[in-house]
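Number of protein chains: 2
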Amino acid sequence: MPRRDRSLADLGESALIERIARRAGREIGRDWSLGIGDDAAILSTRRDEELVFSTDAQVEGVHFRFGRETPRTIGRRALAVNLSDLAAMGATPVGALMSLSAPPHASVSIFDRVISGFVDEALRFGCPLVGGNLSSAGEWSLDVTVIGRCRKARALRRRGLGPGDGLYVTGVLGAAALARLRADRFGTRLTRVPTPRIEAGRALARLSGTRACIDLSDGLATDLAHLLAADGLGADIDPASLPRPRGFRRDCRDLDLDPLGVLTGGGEDYELLFAFRSQRKRVSAATLSERLGLRVSRIGGVTTARGILGLPETPSRHHF
Amino acid sequence: MPRRDRSLADLGESALIERIARRAGREIGRDWSLGIGDDAAILSTRRDEELVFSTDAQVEGVHFRFGRETPRTIGRRALAVNLSDLAAMGATPVGALMSLSAPPHASVSIFDRVISGFVDEALRFGCPLVGGNLSSAGEWSLDVTVIGRCRKARALRRRGLGPGDGLYVTGVLGAAALARLRADRFGTRLTRVPTPRIEAGRALARLSGTRACIDLSDGLATDLAHLLAADGLGADIDPASLPRPRGFRRDCRDLDLDPLGVLTGGGEDYELLFAFRSQRKRVSAATLSERLGLRVSRIGGVTTARGILGLPETPSRHHF
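First to last, the protein sequences are chains A and B.
Quick note, the first sequence lines up with residues 196 to 515 if you use this note's numbering.
Quick note, the second sequence lines up with residues 196 to 515 if you use this note's numbering.
No lab work stands behind these hints: they were computed from the structure.
Incorrect hints may have been included.
[Said to hold, decoys possible] Just a few of them, taken from the derived set where beta-carbon distance is under 10 Å, the chain B residues facing chain A: (1) Ile237; (2) Ser302; (3) Gly355; (4) Glu485.
Cβ coordinates follow ideal geometry from the N, Cα and C atoms, glycine included.
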């Protein structure tokens with residue numbers, strides 16, 4: 196009897212990406228200073244500038260449902276989650292392409308509202324929609340590619356951590372997960388759209404102490420593991436330091452949720468997680484907060500011992 | 196009773212794109228020299244160079260079926276049809292991003308073969324896979340964005356025709372449609388992948404007489420209409436001049452097909468359709484063929500009277 200073929204879900208996202216990277220090879224030519232495996236790819240264009248590219252899909256039934264999100268929210272979010280990848284690179288948006296697939300019988304008025312949400316977000320962040328593709332399909336899917344720019348060699352990568360570096364997050368964690376779970380539980384409409392931390396990312400790219408950065412899409416536990424894996428390091432996290440939204444404890448109680456699970460595995464925070472160089476004088480979260488223009492919390496530090504202390508393991512969402 | 200909401204299929208692709216373009220606005224900033232509505236968008240990067248961007252999706256059940264195409268063919272084609280858009284701009288490939296969606300239960304060995312086909316095509320055309328995204332979904336979808344470069348202000352656009360210009364196509368028409376129809380009829384595997392006309396496109400971009408160019412994805416009738424619409428002109432086509440593959444008449448008879456319908460509406464030719472400036476001395480197809488390194492046929496000329504003489508109207512495929 197032939198061995199049962201493994202499924203994509205059996206292997207999981209990271210292993211599948213590794214398979215693609217291995218097959219594609221590491222040789223991507225000298226134009227590219229960064230390829231597969233980070234938040235974005237980096238192309239050298241001028242002596243003083245690089246372009247960064249990232250792509251992300253929002254699929255009906257996986258990332259959104261028309262019964263739960265409004266069409267405008269779906270359009271806005273499709274761009275916002277991509278801009279978040281640019282933020283994690285410290286890049287400034289330049290433009291976006293959108294490949295939209297939808298069932299032929301879908302309504303034009305819904306289409307219009309999706310587009311309207313997307314374009315409003317594009318205008319807000321100075322990221323014009325410059326091209327795309329339309330195709331019929333069995334389900335809606337918004338596949339977006341964003342282009343950003345940053346100063347040569349200043350893009351924030353996932354790699355670059357050192358033992359003793361402080362680990363920081365912007366904003367609060369868990370708010371997106373709570374909103375989603377509340378909508379699922381009570382059947383309310385979800386209109387929350389993450390705010391891509393473009394300005395904070397640009398500020399981080401200007402600071403010489405920033406060592407590595409990633410945006411929190413899958414949840415702190417998963418994304419921190421990605422960040423650490425790039426350098427083969429570990430982390431010691433203080434769960435009490437994780438920044439919570441207002442009324443967090445009450446909301447978790449009302450929804451009968453494990454607070455730490457929501458904070459670290461809820462996903463879709465789209466805040467920045469970054470490492471800042473250890474120095475004799477530890478950089479305070481308040482100082483960074485002032486530089487970045489929004490709340491910053493120190494949540495722990497990088498260790499030589501692999502593994503993450505202080506966080507429960509949680510499975511990745513939306514993926515194989 | 197409320198008026199029935201129109202569907203995407205009611206409106207059609209062109210009208211939907213126009214709706215997006217109107218909503219997005221024409222103001223895309225001075226970085227971009229071309230936005231929505233052509234084969235690709237153009238970004239100014241250096242004084243002597245521009246980057247071009249295009250995106251195209253291949254959706255299971257719409258553009259391919261696993262029973263009909265092999266997984267390798269599906270992977271190769273997903274890149275090839277995108278490279279064809281770069282060819283139509285006269286651009287040289289720089290890199291590609293692929294957003295792949297698939298059902299979680301899909302097999303890893305099929306995944307590997309799809310990736311393998313994509314990467315082989317990438318290596319063949321010097322277009323490294325530099326990034327992407329994986330997502331679970333109800334159906335397979337390969338959404339690819341390609342980046343190309345060309346000399347400043349030399350990209351081939353759709354706009355730029357003049358009355359009296361000659362209209363030319365590379366290669367032959369109808370071969371892809373015949374192969375697809377044969378596979379459908381006899382249940383044979385489809386392994387044909389279009390050859391993106393990268394070198395021909397680059398050669399056209401160097402010739403000063405080239406006026407406008409588009410790649411033939413939907414079929415000559417539809418794509419010629421797109422080319423003419425950009426300048427509000429018409430065309431006079433000689434059906435007898437349309438370049439046919441070997442054994443074309445016999446194949447059409449065996450499959451009981453209208454030859455002209457196959458040539459002009461079969462789609463997926465991925466040849467280049469371009470206009471060349473009228474001069475006192477008409478440029479011969481043989482001269483162009485020599486410059487482009489492949490067969491070139493003169494199929495007619497541009498007229499001031501709108502409409503296309505000599506071609507039947509055919510509906511667009513794969514679209515709303």
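Tested hints:
For isoleucine 237(B), the shortest C-beta to C-beta distance to chain A is roughly 9 Å, which falls under 10 Å, so the interface hint holds. The interface hint given for serine 302(B) holds, since its Cβ lies 4 Å from the closest Cβ of chain A, which is under the 10 Å cut-off. Nearest Cβ of chain A to the Cβ of glycine 355(B): about 19 Å, over the 10 Å cut. The hint is violated. A hinted interface residue such as glutamate 485(B) counts as satisfied when its beta carbon comes closer than 10 Å to some beta carbon of chain A; here the least separation is about 31 Å, so the hint is violated.
Checked against the numbered hints given earlier, the structure breaks hints 3, 4 and satisfies all the rest.
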